[in-house]
Amino acid sequence: MEHNSGDGDVALKLLHTADWHLGRRFPAFGRDQQVLLTRARLEVLGRILNVAASRNVDAVLCAGDLFDQPSPPEEWWRGALGEFARRDWQRPVVLLPGNHDPLTATSVYHPSHPFRMGLPDFVHVVDRPGWQLPIGDNAVVFGNPCTSHAGQSDLAEKLPPREPGDERIRIGLIHGQTFDIEGHQTNFPIARGSAEARGLDYLAIGDTHAFREVEPEAPAPTVYPGAPEATNFGERDTGKVALVFFPLDRRRRARVESEQVGTWTWGEARCDSLLDLKALRAEPDLQHTVLRLTLDMALPMAEYDEAERILEELAGSEATTPRVGVLDVRRDRFRPAADGPVDLDDSLPEVLQASAERLRLRAEMEPEMAGRALHHLYRLSRKLVD
Amino acid sequence: MWIRRLEVAHCAGIAAASVDLEPGLNVLHGPNELGKSTLAAAIRAALLLQSQSSAAEHLRDWHVDALPEVTLTFEQEPHRNWRVRKRFGGSGAFAYLDFSRDGRDFAQDSRGREVDGALQALLRWGIEAPGGRRGRRGMPSSLITTALLGQQEEVTAILDASLADDADESGKQRLTEALQALAEDPRFKSVLNAVQDKVDEAFTATGRRKTGRASPWTQLREDRDNATRRKRLVDEQLNESRGAQEKISGLEEELTNARDEAERARKLLALRRDHERAVEALRKAEDERARVAAVFRRVRDNRAAVAKATGEVERLEAEREKRDSFQSDLDAQREEAEARVRELESGSAEQGRRLREQELETKRVKLAADQDRRRSLVDALTSAIALHGQVSTLEAELTRKHKGLDEADAAIKRHRDELRDLDVRRCVIRYLAGRTEAGRRRTALDEAREHVAEAEKLDRRAGELRAEASRLNAPDEAEIERLRTLETNLRIAREKLSVGIVVQVALAEAHAADVEADGEAPGRALGAGDTAEFEAERELRLTIPDIGTIHVRGGGRALLREAEDAEASWVQASERTFARTGCKSVDDLARLRQRVDGLLAEAAGLETKASEARVRTEGMDSLERQFIEANAETERRATAVKALLRDGESFDQCIDNRKTDAETTTETAIEARMEQVNEANRQSTEQRNHWRDEATRDERLVAVKNAELKPLRVRIGKESDRADWPLQRDEAKQSADATAASMAETETALQAIRQEATDEVARARADLAGLEDRCTAAQTELADAERALQEARDRLKGLEGESKPLREAAENEDLDHAEAARDEARRTVDALAPLPGETRDVDTDDLVDAAAEAERRADTLRSELDKAEGALEQVGGQYLEEQATQVEEEVDTLDSRERELELDYGGWRMLHEVLEEAEEEETAHLGRALVKPVSQRMAALTGNRYGEVAIDAQLNPGGIELGGDERDFDALSAGTREQLALLLRLSIAEALDSFVILDDQLTQSDGGRLTWMRDLLGQAAAAIQIIVLTCHPDDYATAGACHTVDLAQSITRTD
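Protein chains in written order, with the working numbering: chain A, 1 to 386; chain B, 1 to 1055.
For the record, the hints were derived by calculation from the structure and aren't laboratory data. Do not take every clue at face value.
25 Å max Cα-Cα, derived DSS-like pairs, lysine-lysine [said to hold, decoys possible]:
#1 K718(B) with K733(B)
#2 K659(B) with K642(B)
#3 K231(B) with K609(B)
#4 K733(B) with K366(B)
#5 K158(A) with K231(B)
#6 K278(A) with K158(A)
#7 K198(B) with K383(A)
#8 K189(B) with K383(A)
#9 K457(B) with K642(B)
Note that the structure is a prediction, hence the values are computed from the model and not measured.
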C-alpha cells in the first residue's frame, strides 16, 4: 500500500465505516451497564460523522449492520436520526442494509418506516439491487443490499462490471464475508478478486468487526473497517473507520488509512490473590474499559472483605463513581475461607462469637453458604464496632 | 401483673378482711397474730389451690362454722383484669373466675374445676393443671410460686428451688421468654434485626422465596424467564437453521456427486461415441483400403486375364490352324471317300436316303438349339417366380411394418397431446396452489401485522396503566405496614389512656361551663351548690370562664408521653403520605395500594401479552419474504400456464376450465400419470424405431430382390406379365419336353436311315462316315476351336475392354494413402482410453439415458438446494447463531446472578438461623440472665465483697464467689442468705413483670443492708408491684412512694 500521496494529489476522499450495531443488547451486564454500552454505539456515530467533516471527505459509506436488528427500538433509530439532523451537509452518506439489519418490509430502511422518512436528503439508502450513486462527475458508488439474515449468494457478483470507456472511479459497497476467515460460516460470501473482476477501484465491505484489508496485494483495495466500538470480548482491531484516498493519477492504487473513533476497550483480567486485585485497582484510565474480571481465590474474612470493598470501588455505587467503566465479575471461584479466623471484636456479645463458631462448623458441610454468612456477620460486626 | 384487691372471709381467724392494693410498693403492716401471713396464704390459695382441696384446711377458721372464702382481683396486663372467688371446703366450696376490662364490671369467665385450669393457663407458673399426671397433693408449688409467693418460714427456699422440680413446663417456658428478653444484648438485637430485614427481603415467614415486585428474586426470575423463553425460541429457530444448513451440506455433497456422476456419464458417453466414431472410421478406412486394393487387384487380375486370354487366343489360333489343316486333310479324304461312295452308290435311293439323313440331321440340330433355349427360359421363369414370391412376401411384411410404424406415430402423437394436457393441468394446479399459498402467506402476514399493532396497543395501554399507577403515588406495602403499625401503636397508646375518669365538681357559684369528654360533649351550666359528675374514658376538659380550665387525663405521665410520642410519630409518618395520596386512612392507603397493584399487574399482564404478541411477530420478515416469494412463484407458475395456452384460449379460461379438475386431483397424481404416459411414449417411440428399422431393412431386401429380378425379366421378356410366368414356365417346359421327344424321334429316324448302307458301301460309307465323323469331329473341333478362339477373343476383347476403365479407376486410387488412412484410424482407435469393463457391453442408448438421468438428478438437487438455501435465508443462519450465543450468554449470566443471589440470601438466611440457634442456646441457660443483675446487686449490697453468683440452667443457685473462690450458700450468714434470696426473688419478679410478696423478710438484716434493700425495693417498685407484709412499717417509711395499708383497719378477726 502506498502512503506517500498528499491530499493535493487526491481525486476523491471517502470515509468507510460499518457494523455500528445500534440498539445491540448486552444482557451479560447489569442494566445500567447495558445502557452505557448501548449508548456508546450512538455516541461513536457522532464521532464518525465529526471525522468525516474534519477530514472533509466527499462521501461517507456505511457498509451494513448499522442496526443490530431490522426493527430496533425507537430510541436507537431516533438517536441516529438526531445525529444526521445535526449536520447540514451536501456530502452524501450512504447506508447499506447488512445481514443484521436486512432490507425487509418492516425494517428501518423501508420507505414507510419513520427512520427512513426522517432521513435528511444527503443520506441515501441502498434499497434495491443495482443501486448506484454518482459522486461528482468522476466517481460512482454501486451498492447491493442484504435482504435477509442469511444468504449464500455473492452480492459482489451482482455489481455491474466496468463498461468499456468508463473512466470513472468505481466503488463497490456490499456486506458479506470473504472466504479467508477461518472458523466462520460463510454468509453472503464474497469471492476473492471481486474488486478487480467487477472493475472497481475500491470495494467497501462490512461484517467483520476487525479493521482488515483483504488481499493487500490486489490492484484495488477490499477493506473491512470493523466495528467503531467493539461488541464483545476477544474482538481485536476495533474502534476504527477507514479513510480512502483515490489519487489523481488513476494508475495508482487507492490509499487506505485507519482512524480511531472508538473510546471503549474490552479486556479480560484474572486475579488469583488480593495483591492482584490491588494492582488492578491501581491501574489508571479504566473509565472506558469493559472489563471481565475472573476471581479465583479463597481469602480469610478480613481480606475477603477488603476484596469486596475493592470490587465495590471498581464497580462504583450510588455514591461513588466506578473506577472501571463496565465491570463484569466472574466470582464462581471467589469465596471467603470459612474455615479461617473471623476475628470478631472481643467486645461483641458472646452470642455473636458463638454464632461465628457455629457457622465455621456448618462450613464443613456447606462451605460456600457458610462462608457467605460469615462474611455477612463480619460486616455487621464491623459496623457495630465502628 | 399486680394485685388490685384482696378480700378474705372466715380464714384462719380472720372473719373478714378487705385490702385494696396499688401498683408499686405496698406495705401492709400490722402487729403479730393479726393475720398478715394468712393474707399471704389466702393469696396463694386463691391462685394455686383448688376449692375442694384438703390442703385448704389450714385456712379453716375453727371458731366459726363457715368455710373460708377468698376473693382476689388482679390485673394481668392493662385492660385485662381477673377476679378469683373461691370458697374452700366440702360441699359448700365454689370457685369462680371473672374478667373485666375496666376492673369494675366483671363477667364470669369460668367456674368450678375449670377455674384452676384457666388460672394456670394464664399465669403459666409451672403449676400442673387439675387432673394432671403428677397429681401432687397439698399446696402446689414451683420455682415461680416460691419466688413470688414465698412463705414467711421459707425465706431462703428460693436458694434451693429449681425449675427441674416444677410439675409443668409452663413456668420454665415463661421464664425462658422473660429472661431471653432480659438477656438480649441490644447489639445482638440490632444484628439480628438487620439480618432479619435481609432475610425478609427475600423470603416469606415460611421460608419460601418472596414473589412480590419488591422481591429480589422477582425481577431476576422475570428476566430469566424472558431470556429462557427467548432462548427456547432462538434454539428452535437455530435447530431449523442447522437443519437447513445440514440439508444444504448434504445436498451440496449430493449435488457434487450427482454432477460428478453426470460428468462421468457424459465423458463415458463421449468416449463411447469417440470409440464408435473411431471404429467406424477404421472400418471405413479398411473398407476403402479393401476397395482400392480390390481395384488394383482387379487391374492385376485383368492384366493377367488379358495375358492369359491373349496366350489362349494365340494357342487357339494355332489350334484352329492345325484343325483347319487337319480339316482340310480330312475334307480331302472325305471327298475321296465320297467319290468312292458315289462311285459305289450311283443310285437315286442312296441319294434320297442321304438327303433324308441330312434333313433329319438338320432338324435334330434345330431341335437341340430350341430345347436349350426353352430350358433356359424355364430356368429364368423359375428363378423369377421364386424371386417374385420373395418380393411379394417382403412387400406384404413391409406393408405390415409401415402400418405398425403409422400406429406408433399415432400413439406418440396421442401421448404428446396427453402430456401437454397433463402439463397444462399440472401448471394450473401449481398456479392455483401458489395462488392459495400466496393468499395464506398474505393472511399470515396480515395476522403478524395485527400482532404488531396489538403489541403496540397493549404497550400503550400498559404504559397508560403504569403512568396512572405512578400518578396515584401509592406507598409501598412496607410503608403501609409501617403506618399501620404506627396507627396501631397510637390506638394502643390511646387505649392505655382509657382508664375511666369520673370528676365530681361542686361550685360555690353557678357558672356556665364547657365540658369536653374524650373530645366530645356540649357545654353545660353548673348551678351553685350542685355537685356535677362528669365521666370520660381517657380525657376530660372542663372550662369555666373567668375561673379556668380543669384538664383531666387518664393513664399517668408515662402513658401520656407514650401516646403523645405515638401520635407525633403517626402524624409525622402519615401526614406527607396522606397529603401526597389524598387518602385519609391507612385502609384508604391499602385500597390505593391494592388499586395500584391491580393497575401494575394489569400492565404487566398487558406487557406479557405484548411480548407474546411480539414473539409471534418475530418471524414477520420471513412472512413478508415468503409472501413476496409466494407471489413471485405464483407469477412464475402463471407464466408457465400462459406458455401452454392453446390458440385462442385465454389465461382465465384456461384456469376456469381446469379449476374443478385442480380441486379433484393432485399434482402428484398428474405427475404419476405423466410418468405413465412418458413410459408409454417411450415404449411407442421404441416401437416406432423398431418398425422403422425393420421396414428399412425389408425395403433394402426388396430392392436387392428386384435388382436380381431385373436381368431375369429381360430374359423372360419385359412385357410379360408376372402373373403369366407360371403358365409361361409350364408351357416352356412342355415345349422343351416336346422338342426333346422330337429330337429322340429324329435321332431314331436318322439312325434308321444310316442302317440302310450295304457292306461295301457300308464300309465305304463307314469309311466315309468315319471320315465324315472325323471330318465332322474335326469340323466340330474346328468349330469348337474357332468358337473357343472366338470366345477367347471375345473374352480377350472383354478383358481388354475392362482394362481401360480399370486402369483409369486405378489411376485415381491411392492404395498407400488408403493404407495410411487405415493405419491412422487404427492408431486413433488404439489411442482412445479404454472403455470401462462394466460399460463395454452397455448399449450406447443406455449410456445416453444414464447421462440424461444424471443431468436430471443434478438439476433436481440444484432445485432442492435452492429451496434449502431459501429456507436458510428465512431462518437466519449465522445471524441466528449470534443471537443464540447472545441469549445463551444472557441465560448464563442470569443463572450466575441467581446463584450469586441464592448464595447471598442463603448466607443471610443461614446467618439468621445460626443467630437464633445461638441465642436460643445462650438464653436456654436461664441462670446466665439472672447472674448479672443478682450479682451486681449483691456486690453493691456487700461493698463488692461477693462476686458472681452461680445460677444454673434450671435457675438453681449453686454458690457465690468470694475471694476468687465459689462458696456454698450454707457458708453464708443467715442474713446474707436472706438478702441473697430476696435479690433473686426480686430479679425473677422483675423478669416476669409480676408482683412479689415479701412476708416478713429481712428480719436478719442489719440496718445498713436493710436501708440498702429498702432503697432497692423503692427503685424496683417503679416497675413491679411489691407487697411487703411486716410488723415494722417504719423500716419502709423512707422507701419512697409506697402504698401503706394498716391491716388493723382492714382485718376483722373472729377471735
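A quick look at each hint next to the structure:
no.: 1; hint: K718(B) with K733(B); verdict: holds (20 Å)
no.: 2; hint: K659(B) with K642(B); verdict: holds (15 Å)
no.: 3; hint: K231(B) with K609(B); verdict: holds (18 Å)
no.: 4; hint: K733(B) with K366(B); verdict: holds (17 Å)
no.: 5; hint: K158(A) with K231(B); verdict: violated (36 Å)
no.: 6; hint: K278(A) with K158(A); verdict: violated (57 Å)
no.: 7; hint: K198(B) with K383(A); verdict: holds (16 Å)
no.: 8; hint: K189(B) with K383(A); verdict: holds (14 Å)
no.: 9; hint: K457(B) with K642(B); verdict: violated (46 Å)
When held up to the earlier numbered hints, the structure conflicts with 5, 6, 9 and fits the remainder.
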